[in-house]
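Enquirer: Between the sequences and the hints, there should be enough to build the whole structure, so can you do that?
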Amino acid sequence: VNRSQRLQRLAVRMLYDERFRARVLDGEEALDDSDRALLTTVDPRAWSTDPYRSGRTLAAILSELPVTGALLGASRALEFFHSTAFHTAIEGRGSLVLSFGRWAGVGPIGELELATAQLRRARRSPPPPGSLALGERFHPIAVPEGTLAAYDSLRRTLGPETISSEPLRAPPLGDDLEHLLVERAADGSIAIGTIGESLSAVLAPLLAGPRTEREMRDQLQSLGAGDEAEEILRGLLADGVLLSGS
Amino acid sequence: MAFAERVRELPHLGLGVSTEYGAGSTPGALDPMELRSRVALGFLEVGVEAAKGLDEDASAWVAAGLATTYHFLDLNLDEPEDLDERWLGELDRLVATMKPAWLCGDAGLWHFGERDRGHMLLLPPVLTDDSAKAMADGIRALREHTGREVIPENPPGAFYLGDLHLLDFYARLADYADTGVLLDLAHLAIYQRTRGHSPADGLDGFPLDRVVEIHVAGGRALRTQDGFEFVDDDHSLGVLDEVWPLLDRVAPSAPNLKAVVLECERNPLAAVLPLFDRIAAVVAR
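For the protein sequence lines, the chains are G and H, in the order given.
When you line the first sequence up against our numbering, it's residues -10 to 235, in that order.
When you line the second sequence up against our numbering, it's residues 38 to 322, in that order.
You may find that some hints are simply not true.
A short, non-exhaustive set of chain G residues, derived as facing chain H with CB atoms under 7 Å [stated by the list, open to error]:
| # | residue |
| --- | --- |
| 1 | V(-10) |
| 2 | R(-5) |
| 3 | Q(-3) |
| 4 | L20 |
| 5 | S23 |
| 6 | T29 |
| 7 | V31 |
| 8 | R34 |
| 9 | A35 |
What the hints contain is simulated information worked out from the structure, not anything from laboratory work.
Built from N, CA and C at the ideal position, the CB exists for glycine as well.
Expert: This is the structure we're talking about:
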């Protein structure tokens, strides 16, 4: 990161977070002296010419994570711009949508919605020869029973709104797990379907990275696939759920 | 080949108008084709994020075989990671379709982090020598990739960081990248107001032979609740008073000037015609 990039990132953080800005201008943030000197030459009022900046950005984030925003409520959602998560995302060139989704902490329903956002951005490299990886259009997730139904219900309740002043309440979820596969279609649309526990057990470890074909076959056999393990793998490859490094 | 030679090969486009993706869908917005029937319009400057592609108005213009320039809206020239494979692929497709005379765009911060939802904004560059060098690297890389001139523009801002005068910064950038400059006179006027300078401050030492394109646009003078005065660069019809004298001074003194754009894409035809007449009169001198 060169100096101008460092200053631009500081400026962005100061534009969004007036509390951070005040700490910078008051000398309470540990900064390079020459950087602080440049920042303090600006008329302090010039940082707040756009009072709608945070609201616009939040609306953009919630266009992808509407249920997460609704479970938080507007005032709590706007606190994101004062959070360590926000500042870390700016400094690290991270995604605000993903950062917001992780920061929100609204439980399994939010985790499911975050998985859809992660899938939209998934760019996985082909695995090494002899290995298998998860296709970049797929994301398995295990959540408490009832999560998908609750998510769908909340989306319907929200309608075109992306946020309300009062947080919506999440319905109670079950004690058992439901195993879901989030899929991104060629046109970018997202579908969420239920999969079996065994398939989930095979696919979930691939979120951390590729595995060898041998490991995958062994796991399928240990899960009771027997002689059909090979055929199952071929089917998953044909559907693009798995990618082969060969 | 050096800029001084390359610029001779650039076409003289004359008077142009800008468009941004979807601008034509604003009620009462300008139709570039209709404008062309009323004004000696040489080209359309197409401002678009590479992923969006061309809208209906731009597509119609290109399909008619008319001249264009491409104005990027999503490129941080000082970040090498911004020239990623995906963006360059989208750009290549646009360039192949449009065959723009050159590429241009604000040399500033178009987005923070990766190009992602909610990351867009436009901040001016940090006005330091290091920043000019980093942007020059981006200009050279993009010029090499596309085989076309990449002309940096001075962006608007409510504040400017850095110890260089804006014109000194762009003179250095042009020198380091060996390129031309797009001088946006509205943005220049905004800078001079913000820094408390006179409108033409810094022009005496500026290499006007680097100016390939000029922008003229309207803006709204606003004031925050605590009394800070700034200009919203909204491309409205209210051209700041100091822009016209700047045009009078710069246009006749810029030997490599190829194009002058009025940025007015969301305004009705009848209202913009007098502005085009006024600019045409200056450029014709």
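Enquirer: Using the nearest Cβ pair, does Q(-3) of chain G come within less than 7 Å of chain H?
Expert: For Q(-3) of chain G, the interface hint holds, since the closest Cβ of chain H sits about 5 Å away, which is under 7 Å.
Enquirer: Under 7 Å, Cβ to Cβ, is where T29 of chain G needs to be relative to chain H, so tell me if that hint holds or is violated.
Expert: Violated, because the Cβ-Cβ distance from T29 of chain G to chain H comes to roughly 10 Å (cut-off 7 Å).
Enquirer: Do the numbers back the hint for L20 of chain G, that is, is its least Cβ distance to chain H under 7 Å?
Expert: L20 of chain G check fails; min Cβ-Cβ to chain H is 13 Å, beyond 7 Å.
Enquirer: Is the shortest C-beta separation between V31 of chain G and chain H less than 7 Å?
Expert: 4 Å, holds
Enquirer: A35 of chain G was flagged as interface toward chain H. Is the shortest Cβ-Cβ separation under 7 Å?
Expert: 4 Å, holds
Enquirer: Using Cβ atoms only, decide whether S23 of chain G comes closer than 7 Å to chain H, and label the hint accordingly.
Expert: 10 Å, violated
Enquirer: Taking 7 Å as the limit, does the beta-carbon of R(-5) of chain G come near enough to a beta-carbon in chain H?
Expert: 9 Å, violated
Enquirer: Identify whether the interface hint at R34 of chain G stands, where standing means a beta carbon of chain H within less than 7 Å of its own.
Expert: 3 Å, holds
Enquirer: Quick one, is the V(-10) of chain G hint okay against chain H at 7 Å, beta carbons?
Expert: Cβ of V(-10) of chain G sits 10 Å from chain H, so the hint is violated.
This entry does not satisfy hints 1, 2, 4, 5 and 6, going by the numbered hints stated previously.
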